[in-house]
Amino acid sequence: MKRFLDLADFERAEILDLLALAESLKNKPQRQALAGKVLGLLFMNPSLRTLASFQTAMAHLGGSSFVITPGQGTWQLETRLNAVMDGAAAEHIREGIPVLASYCDALGVRAFAEGKSLANDLSESLFRQIDALCDPPLINLESAVNHPCQALADWRTLDELETPARAKFVLTWVYHPRALPLAVASATVHMAAMRGMEVVVARPEGFALPREIMEKARRAASASGGSVTETSDRTAALKGAQVVYAKEWGTTAHYGDAAADARLRAELKDWCVGEPWFAAAEPHAKFMHCLPVRRNVAATDEILDGPRAVVRLEAFNRLIVQTAVLHRMLS
Amino acid sequence: MKRFLDLADFERAEILDLLALAESLKNKPQRQALAGKVLGLLFMNPSLRTLASFQTAMAHLGGSSFVITPGQGTWQLETRLNAVMDGAAAEHIREGIPVLASYCDALGVRAFAEGKSLANDLSESLFRQIDALCDPPLINLESAVNHPCQALADWRTLDELETPARAKFVLTWVYHPRALPLAVASATVHMAAMRGMEVVVARPEGFALPREIMEKARRAASASGGSVTETSDRTAALKGAQVVYAKEWGTTAHYGDAAADARLRAELKDWCVGEPWFAAAEPHAKFMHCLPVRRNVAATDEILDGPRAVVRLEAFNRLIVQTAVLHRMLS
Amino acid sequence: MKRFLDLADFERAEILDLLALAESLKNKPQRQALAGKVLGLLFMNPSLRTLASFQTAMAHLGGSSFVITPGQGTWQLETRLNAVMDGAAAEHIREGIPVLASYCDALGVRAFAEGKSLANDLSESLFRQIDALCDPPLINLESAVNHPCQALADWRTLDELETPARAKFVLTWVYHPRALPLAVASATVHMAAMRGMEVVVARPEGFALPREIMEKARRAASASGGSVTETSDRTAALKGAQVVYAKEWGTTAHYGDAAADARLRAELKDWCVGEPWFAAAEPHAKFMHCLPVRRNVAATDEILDGPRAVVRLEAFNRLIVQTAVLHRMLS
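Residue numbers (my numbering), protein chains in the order written: chain A, 208 to 538; chain B, 208 to 538; chain C, 208 to 538.
No lab work stands behind these hints, which were simulated from the structure alone. Treat the numbers as computed from the prediction; the structure is a model and nothing was measured. Among the hints, erroneous ones may be present.
Identical copies carry no separate label here, and so any pair may be met within one copy or between two of them.
Stated by the list, open to error - With a Cα cut of at most 30 Å, we get these calculated BS3-like pairs of lysine-lysine:
#, residue 1, residue 2
1, K476, K446
2, K235, K476
3, K235, K209
Make the full structure from the sequences, and use the hints.
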């Protein structure tokens, strides 16, 4: 495996195979599988789980890793093609990426959406540049509209919870003080569709997922036997839900317009998941979130501290599935 | 050992045993003792020695480590229970700690005093929260009123200097431009008392150590045969001293009141340890400090560059004793 | 080898020997040569390549490393002797360096020029202090006027390109929005001279390399059979060049005077290497730069993306030669 950029790049059987490898490595660690191998980690945006879980995964397999964080001990990296670099950025990714890639056996890169042009972010123009600049295996640590490590971890979490393939999976928008990227929402709706679930996206008006994201998920659903719909009727969406997956994202109706986004979301503070949301859900419905989560803003303490929340398990599964990705790439 | 949070949690014999293990591992390194093991290090406050010495200790034992520093490549972590998280902090320790803990075999956490309520800081309310959230072994890398790694290193340093158990040990307040926490002062007075020394705390009016700290030290002294007193008469305190341990801390009379603290300390710049302080001390009396130390503010160049200073040895002993703590916890 | 501070500290034969070791370790990795060994890395200034390549080199040799970055998770370090430390810096290098050095088997330190007094920076007064404070092997990761790791990597790059010993090597000043240090320019002119090349320094008036730097390079040239000249006639300099090595640096005529520097460089934006610069060069002349490079400021996209640029190879060779330095020091 040379690239781990998008679950959609893999056949369903390949995903199942990766998940089986993850389980197997959890039960029978291979402490020397990546001895002498080095993973480079480039974080153009903040990280907690991703950094810690990838460094741990490499250590568990006998390898090493280094971390580069532009703006924190390293200068900012320029990403615009043909830029006249007389501003803050001291190095272009056209040098930075191939140089770091030349030091390591695989490179992981986090590069969030720019959040200005929806078309640009949907096209993954930045990550495609990075892809073209990186010779060794490359891992997407979250790009403009994708987060395959999170999606794979969530798939495993659903399996561990013995969630039926056809269960109702509600991806719901939740409140956040400001616009966040579409990456996890996009990856999640696709993952759940690919897993064969009955996916419903519940979001306020102005926050519909982009058509391209929905169509991609629907293609996955039609191959898996699942379905994907969306609605602004939260109550209807939650009825019969077995999984409520909460995520914050910015307005798509006025993408990149912070003022319009702020006006829209000002009225939406009640999109904070609480126990009443589960009134008509399945009795043991679970609450998922990729973390970090703002308590009492996106979800209440009651939910996060209660039996529905499986957010810690999702986070732990980041380590488990990434270990398999690294092993598949590098052993 | 599942917890290394406070020397007071251990019997004297257990401390001596840890110190013996430290000596033994220094002489006969066990290069594979922790192969495959991972230490997580979470620094909610800055570090130099602690980070470098713990990463080195893990490497010496064949293990690995990762570092998370909120505010430096990772978002701020919220610590207040029931907070409505609409501010700067993007993640609560109620998620952050168990997630990081799930990735590693032991977790070290640094979380300084909040410095607002003395009762709150004395109760270690934050670190007790952290303790409850962390399943694997936990190491206190400096909490509100404790720093057991420093205390253990200093105990070893006193042993290496062949300081008699009953020697006079003066913990003296020294000047700093602003209030610092009570952690090292509290840990030091307790450690010296537990070691059986004649402990005298010299500090200006307004900077008395809290009653709870003094009582804890006195309990240790009564078990060990030592003693603990305090005074604002610096000259009397220093008479016959074999060890002068300098530390900066904030006013306790007006705890958390920066303006009152500033007014009090404005007159106290002469609390900077110089050679004249040793006029009536034992001839070969030593100068100790946990570092970082502000030269010519807390102690003069003459002292720090002279034969009394053992501050580098104390810092080196951090590595030696922490290697034993990790070995005891994880091998 | 206890010190790697300056190529001038080594005989030519020793350099060739190090380069041979680098080649040998590239072809036959020694995965356990530094098992149990720890490299400390202290970055008083930002880094990308140096951090990543040194951590990787240690991992390739079976060792470990830690990174300390004052200002990023660690407080600022004071460097001035006899300072009254009542400002931002919380620790002096007189404590910080020996303490970090006591934790590791070798220490690498980056400490750029202060940029105030030319005499002071030329004397490497700061790095000589650091040298005196560090017991174990010490590596210069870029000091006031030196960068031996870069110079050694560039030497290897020239060898790989089969550049004849007597080829014309043009070190040219290029534009940058503000003054940068003399370290790479100084190390490069000396390296090329020591390699026996016909070195020409092309720079605008006001940016002549200091006499001490030129004399040191000329001494190396006279031993190797090379030559060193300088000129402000760029066109003449570039005629017949086989290598054009671009570097940014500040005015030496008004060293440390930011306003004078800004006035001088305001007229010099045409010192951006483009294909026309090569009109009278050798047909396959190469373009070198130590990176980071500002695109379309120091060199055009056309150059950096074209066949002349060997900047990625130079960066990769940092890893290769540093592996040899570490092996020689620690195995």
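When the structure is checked against the list of hints, which entries are broken? Sort them ascending. Hint 2 is the one this structure does not satisfy, whereas the remaining hints hold.
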